Every structure is written in structure tokens, then in C-alpha cells.
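Engineer: Below are the chains, spelled out letter by letter.
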Amino acid sequence: MDTERTQEYLEAIYKRQQDETPVSTSSLAEDLKVSQPAITDMLRSLESRGLINYTPGKGAYLTSLGNEKALGVIRRHRLWERFLTDVLGMEWDKVHDQACLLEHVTSPEVEEKLADLLGNVDTCPHGHSIPDKDGHIKKEDLMPLTEFTLGEKLILIRVNKEDAALLSRLDRLGLQPPAVVRIISKNKNGAIEVEIGSNRIELDRETAIALLARPYKEEKESKAEEMPLSQLLPGQTGVIKAIEGGRGKLGRCFSLGFTPGTRLKMLENYSRGPVLVKLHDTEVALGRKMANHVIVVKDNHGS
Amino acid sequence: MDKSSKYITVALAGSPNVGKSTIFNLLTGLSQHVGNWPGKTVEQKTGICRHGDITLNIIDLPGTYSLTANSLEEQIARDYLIKEKPDVVVAVINAASLERGLYLVAELIELAPRIIIALNMIDVARQQGIKIDIEALSSALDIPVIPVIATRNRGLMELVNQIIAEYERPFEKRLLKHVEYGSSVEKIIDMVAELLTPDIIDPYPRHWAAMKLLEGDEQIKNIVQKSITAEKKPRLETILRANESAALTIATLRFEWVTKLSAVAQEKPPLSRVSLTEKIDRVATHPIWGLIFLATVLAGIFGLVYSIGIPLQNLLEDMLIHRSQEWILSSLFGVPDWLRHLLADGLLGGAGIVLTFIPLLFIFFFVWAMIEDSGYTARAAFVTDRYMHAIGLHGKSMLPLCLGFGCNVPAVFGTRIIDSPRARLLTILLAPLIPCAGRMSVVAIIAAAFFGNHAFLVYWGLLISNLLILLAIGFVLNRFIMHGEEEVLIMELPLYHIPDLRLAGIITWHNLVAFIKRAGTVILLVSLFVWLLSVIPEGNIENSLLAACGRLLEPLGRLIGLNWQMMIALISSFVAKENTIATLGVMLGEGGNGFTNSLSTILTPSGALAFLVLQMLFIPCIATTGAIRSETGTWRWPLFSIALQLIVSFAAAIVVYRVALLIMS
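Here the protein sequences line up with chains E and A, keeping their order.
According to our numbering, the first sequence is numbered sequentially starting from 24.
According to our numbering, the second sequence is numbered sequentially starting from 63.
By construction, these hints were calculated from the structure, which means they are not laboratory data.
Check each hint, because a few of them may be wrong.
Think about it this way: if two alpha-carbon atoms lie no more than 27 Å apart in a straight line, the pair counts; the simulated DSSO-like pairs of lysine-lysine are [stated by the list, open to error]:
#, chain 1, residue 1, chain 2, residue 2
1, E, Lys184, E, Lys38
2, E, Lys321, A, Lys68
3, E, Lys176, E, Lys136
4, E, Lys264, A, Lys249
5, A, Lys579, A, Lys147
6, E, Lys264, E, Lys312
7, E, Lys321, A, Lys283
8, E, Lys92, E, Lys176
9, E, Lys162, E, Lys312
10, A, Lys283, A, Lys147
11, E, Lys312, A, Lys147
12, E, Lys264, A, Lys330
13, E, Lys92, E, Lys184
14, E, Lys136, E, Lys161
15, E, Lys117, E, Lys56
16, A, Lys341, E, Lys321
17, E, Lys136, A, Lys330
18, E, Lys81, E, Lys184
19, A, Lys322, E, Lys264
A quick note: this is a predicted structure, and the numbers were derived from the prediction, not measured.
With these hints in hand, go ahead and build the complete structure from the sequences.
Structural biologist: This is the structure we're talking about:
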């Protein structure tokens, strides 16, 4: 395992790299609260170990090995933050510092158990994506609040600033992901006014820039995807929403459980043939024509 | 204490594939009686189970998913409950598909005051990671729940004790947890019920009948329409039309009730987990692999029947029939000559030879029963569905057609599971084209006599070409003769499970008894009749009446290289397919030469091949014809079937004979 200091550096470079490449020594000095000469020494050492490329005077960026290690640290950090808020019930403004300590002393085994315990979480409490164990991180198309137009409804996804005072204030205002807000007005000085629930809140420009969001509608669509049963792929699960068509000979469909609210799983679905689904603990074959009339809502996290 | 013994009537209700038959067999042993439901062609099984001085009269209701009359089975089951009022109803539920079973319980509760749940296959459920809290289920329903593993005879004693306890329990209205339909649905039900005075709907309960009307139940609708007054009729129709969606609402509410119950009592792996059955089905229901799998299964069955059954048949024929014939003819002194010949040629040569099919049929029926019980046949129906559409049917028609490999008669009756009348008729007409076990035995024996090492190939070729001809005929009938809409496929594919040997044994036993009865009656009579015709008037077959009849047919036979004896054998197969061998036995078995040896004296190989084709496609036997008559309700279709197969069989035989002559010369 790399030393704590190495990990800190890689993490800092990774974060800065989202905005500037290469990362200058002065930015790092600010983030890590270390003197410039000390930074330069450390960067040289990291370069000799193949973790970064460093050009004196310009700055540093991560090699693929360095990137991988950085993502590992970030994964552990964000998992710990989740653990601290969700399991231990700590405030979200206090967990960052604790996670900074814990992230360096976490063995791969602990990391795995932690991920298992937390289940399917994919973001930290502040809305940052957690890289998966293979080092993949979900990229989301987000914009700061200041970029949205007046009247737009949006969903808050991420707080892009590790500032305890800010976080604590947002907590009090109810502005935690995934809060849904609407832009009410924009002032010349960059401050904006948003509506959350029935409350109106004014946010200064700095705060508004730190809050990343995406349009609300899109979220709703991706959550509840309606389709005919015949379009569900094998392995996917869903819930029946409605049965279309007249009465006809539907009696048997009903008594075998094709009723709204029934959860089912698609087992076989090959072109033109009948579909095979599992519902109410049994496998049932249904002709394709009828499967076109059964409307289902697909589960998002289906395997 | 009451000295006279007590009788308790117990009805077994349950969905298909829950092991109801196994429980029935265990409870009744060999005391069971198999008949038909009055006026119906659905099998009714009853039996008794004695427990001290108490006798349980057990009725096995047809397997149903619900009590709405979607099919004859459902109608029979609920009519029995309503009209006969059994003392106790046992709902058999498969623990591995609890929700399916609870749906039926939801309906049973509405009709049966004393009800017990036999929770079967708890071992299977456990293997699948399903845990059922029996206490919780029982108290949530306020119904006794008895865990049972029927295949290992566990829990049956407890079940019997519980039935008796339930019967003896003083009757008080149980707090049966009916499905709550909610005030809006109840209001509509009440509105309908108000119109259904007892004189209209008796003996059906009003509230229940009203609900069934809303569910779109055809049978109740017919009853009501016959007797409802003219002034009430329009009102009823208006209510029903305005509430067409009630059927879905009611079913939805029942399933919500079921889901709630199962959440209380059941712990199961998430839906996303892949079970063993699902894994097998990745192959067994795949459009291509599934077909290969099906072909392998069929090849396995017929291969087994052929490779074990035929040698055994030969052995029996040699050891029993020929030896006895020789003994009768040479050593049975003091008996008139004609009687000795009657016994040797008529009885043994005819019906006796047919009895040597027993090992062959035993293997077939046993293996077939095991495959049915394993849950595979529904997969065969699923995988062939897309191809069946080419002939206007869907996969469900495969189930009765599969039965046809045993005997065409149950195949014709089995078409009842098909809802659309058109698809059903088409399946009925195709069923006699499935080579039944009787026909396959005849074919196997004649093929073995003529084609030596290639016999198996001939046997197979015939089987496959027969199925291809079936498809072709189906295609033509569908395209040019019958019109109508296609039907929706919907059926359950049961969990795979290890077949119950005992159940397979009992099914095989019933089939064999039926076969032996037939051999002892119809086939025996035909054998004796043929023998009689063959000795009248001079005691010499060459100048007999039979020969005279046969010679009339000879010109037709000459087209396919068949002499008059073969034509007589063919005609006799109309009575029962096995008669071909019986008749040939009577005619050729003189002197115990062995009829298989004598066959080659009257038939060339090309003639034999043509004969086999003819035999495979020849007209349905009397029993099948009768079944078609009773299922279609008219003589038109059985006559159509006879005419069709007469033409097809002779046409195919002539072609085969001519081609075979060309190749072999």
C-alpha cells in the first residue's frame, strides 16, 4: 500500500484535474496546505514511481497507473462518507474529515465488505459518483444552478464543494441531493432565488455555482419506463401497469396473474415466438400478440 | 358412542402440477375408481381412505387455476363444490409456487366453509431458498395448514387427522379472511346480486354468482340469460356493460390479497435470482436448442421402446405363444379338432399375440408418464409454438397431440384445453395422424421382420415422415378449409421436478389394464371372427369367406404390392390398430411356424414398406372415430377424417411402393 501522503497527493491531483491539466504546483500547495518546495520534491518522487508526469514550471498530471490508484482512494473515501452518514447517522458536513482519515487505512477486504454492506449506492452523500472496484466512474452531464433558465425545474445531484459551513447551511435549507427545485429569479450580482417545496431561498453566486443539477423531467422518464411486455429483454424485471384491449378471452390471463401491480421477470423473448415470464412464483408462457397488450414499467436496476 | 361408521366427503382441489394426484393416490391406494364426471368426458377419480371407523370419501377435482369457468375443468370443480357441498375441502398448494395456489384458495374460501391447506413440496421449496412460515400463513388465513412431502409420504397422516378434526369441529362461522373487494366493487356486486333472485340462479350463491357475472363467466351468463325476466334483463346488461373492467379489478384485488399474504408468510430469493428451472429452460425453450432437445427426448423414448421392447416381444411370442400353440395342436388330445384350432389360431394367434405387446407398451407408458410428470411436455408446447402457427395452431395443441403417441383417444379428448373452437377442431382432425403406441408396435414388428439391421432406420423414417405429413395436412386444412381467428397462447410451465415413480407406475398400470381389457374384448372378438371367416365353409383358408372378401380388395392391394391377406389385416385394424398383427397371426400362424417368418412368404420388402406407410396413415380406429364424434357433436368430422386419411394413406403408399420398386430392382 502506498503511503498516506502519496495517496493524498494522487487524490488532490485527480480532483484538480477535472478543471485544469496539468495541475500547477500552486494549486496543489493550496489544496494540501504544504509549501511549494515540498510539493516539488514530492512530485519528483511520484514521477520516478510512474504515477504522474511532471514538467517543472508547468505542472503535473496522472499516468494511467496513477489515475487508477487515485480512483481507489476516492472510492474508499466516498464509501466511508456513505457509511458515516447512512449507517452511523453523522451529519453530512462532518464526514469528509473522518473519511480522509479512514480512506488510508482501508484494506481491500474492508473496502469490499463496506461496499456490500451499503448495497447499491453509487454516490457519496454530497452526490459525487463512487468509482466501481474496476476504476470506472460514472460521468454525469450536470450544470451549476446558475446555468439554468428561469422557471426551470431541476433536480439537485451534487454539492461540488467540501465546505463544512456551506454543507451545514444547505442541510438546514433542505437542499440535499436529490432535492427538486425551481429557479424563480436571477439577480445581476449572480445570486439566484429558488423554490423548494413551498419555501423560497436565496443563494449567493458562489453557492449556486457549487450546486450541480440536471433538468427534472429527464429523471422521471428514466425512472419509469413504460413498454409493452414483448419489449422487455430476458433477465429484466418490471411491474405490470395495465392490460390493453377489450374483454375477449382475457379471463385466463387474469386468473394466471396478468393484473396491474404484478411483478414479473422476462425469461425468454425471441423474435416472433411466445414470451416466457416468471410471475407469482411460476413460469407462464404468453403469446406475442397478447404480450403486446400487457404494458409494463421496467425496473431500472434490473440485471 | 355412535357405532355406525362415519363418512366424510373430502374434495381435493388444486392447480395443475401441485402433486394433487400423488396425494390422492397415497390417500386412496388401490381403492380408487376412475370414471367420468356425469355427462362430461373429463376423468373423475374417487377413492376411499379408512381411518379407524371413519371412512373418507375422496374426490379428486380437476386441476384448475381459478373457479371462473374458463374451461370445463373449472366449471366441474366449482359445480361440485356448490351442488354436492363436500364436508371438507383440501386445497393442495405447491409450496414452491405459493402465490399461484393462494389465488385458488381466495376463490375456494368463497364457496367452501371447511377448508384445509395441504402445503405440498416443501422440500422443493426449501431447495429453492423459499422459507414459508406455516404458523403465520395459517393464522393469517385462519385455515389449518399441513406441510406435506407427498413424494416421500410425509405429512399424510397429519392431513387425515386434520380432516377429521375439521369435520368434527363444531360449526361456527370461521373468521375466514375473504378478499376485500372494497366498497366501490362491493356496491356493483350488490347491484347485480339484487337482480339475481334465487329462482334464477339457484343453487349458486347470489353474491358469488353476481361476482362471476362481472368477471365475464360464460356459464353463469348462460344460466342467467335463460331464466331472467324480460324487465330485469336490460338493466343487468347495462350494469355489466358499464362495468366491463370489473373482471380485471376483481382479479387484481385478489392478487393483491395473495401478495400481501405471501409477504407475511413467505421469504423467498429475489425475482432476479436465476433458479435451476430457469437455467434448464435457457436450453429447453430456446428456439433452436429447444427443438434439438425435443428431438432428442423423442428419439430417446422411441429408441428405448424399440431396443428393449422388440427383443422382449420376440421372446414372449416365441416362449409363450408359439410353444402353447404347438402344445395345443400336438398334445391336447380328447378335444375336437376345430376347438384346438380355435384355441391355437384364433385365440392365441390373434389376441394372444397382441398381448406380447405388453413389455413394449409398458416401457412406453412408463417413460411417457415420467416425462409428463417431470414438467417437460409444457416446454415442448412452448418451443413448438412458433412453428404451430404455420398450421394455424399454437403450442398448446402440442399437449394433446403428445398424448396421441400413447393413444389417439385421449388426444382427441385432451383437445379440450384449447379454448378456440376452430383451433380445437383442427387439433382433433390432426390427432389421428399421430402414430399411437399400438400402431408403432405393429410397425416395429413388421419392420423388424423385413429390414433386419435397417429396421430401426425404417421405423424412424416412418415416424418422422408421418409427422411431416401431419404438418402438411395441417397447413392445407388451415389454409383452404377452415377459417377463423387465431387464439392466444397462455399456459403455465411447471417447475421441473424429479418424476414420481409411484405415480408413473399407477398411470402405466391403468393404461395397461385398459389395453388388456381391449385385448380381451374387442381384439379377441375380432380375432375369433376373423378365424371363423377363415374356416367357413370348408375349414380351408384358401376357399374361405375371408379369402373371398380379401380377393375383392385385391385389385386395390395390387397397386401397392399387397395380397388379400394383407388387405384383410389392414381392414381389421379399423377396430383396433393392434388387430393387424392379431389378424395376420390367425391367418399365418398355422402350425406354429411363427408369423414373423411366414410374413416374408406373402410380402416383398417394397410391399412391406408400402404397407407400413399405409398402416401409419390409415383411418382412425373405431374408438378414435367415436371420440371425434362425441367431441365435435356431429358425424361430419369423423367421416371427413376417415375419408381424408383413406385418400392420404393410399396415395402415400402407392408412391412409396413405386419408388421402392424402382430403387430395389
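Engineer: Which of the stated hints cannot be reconciled with the structure, identified by number in ascending sequence?
Structural biologist: 2, 3, 5, 7, 8, 9, 11
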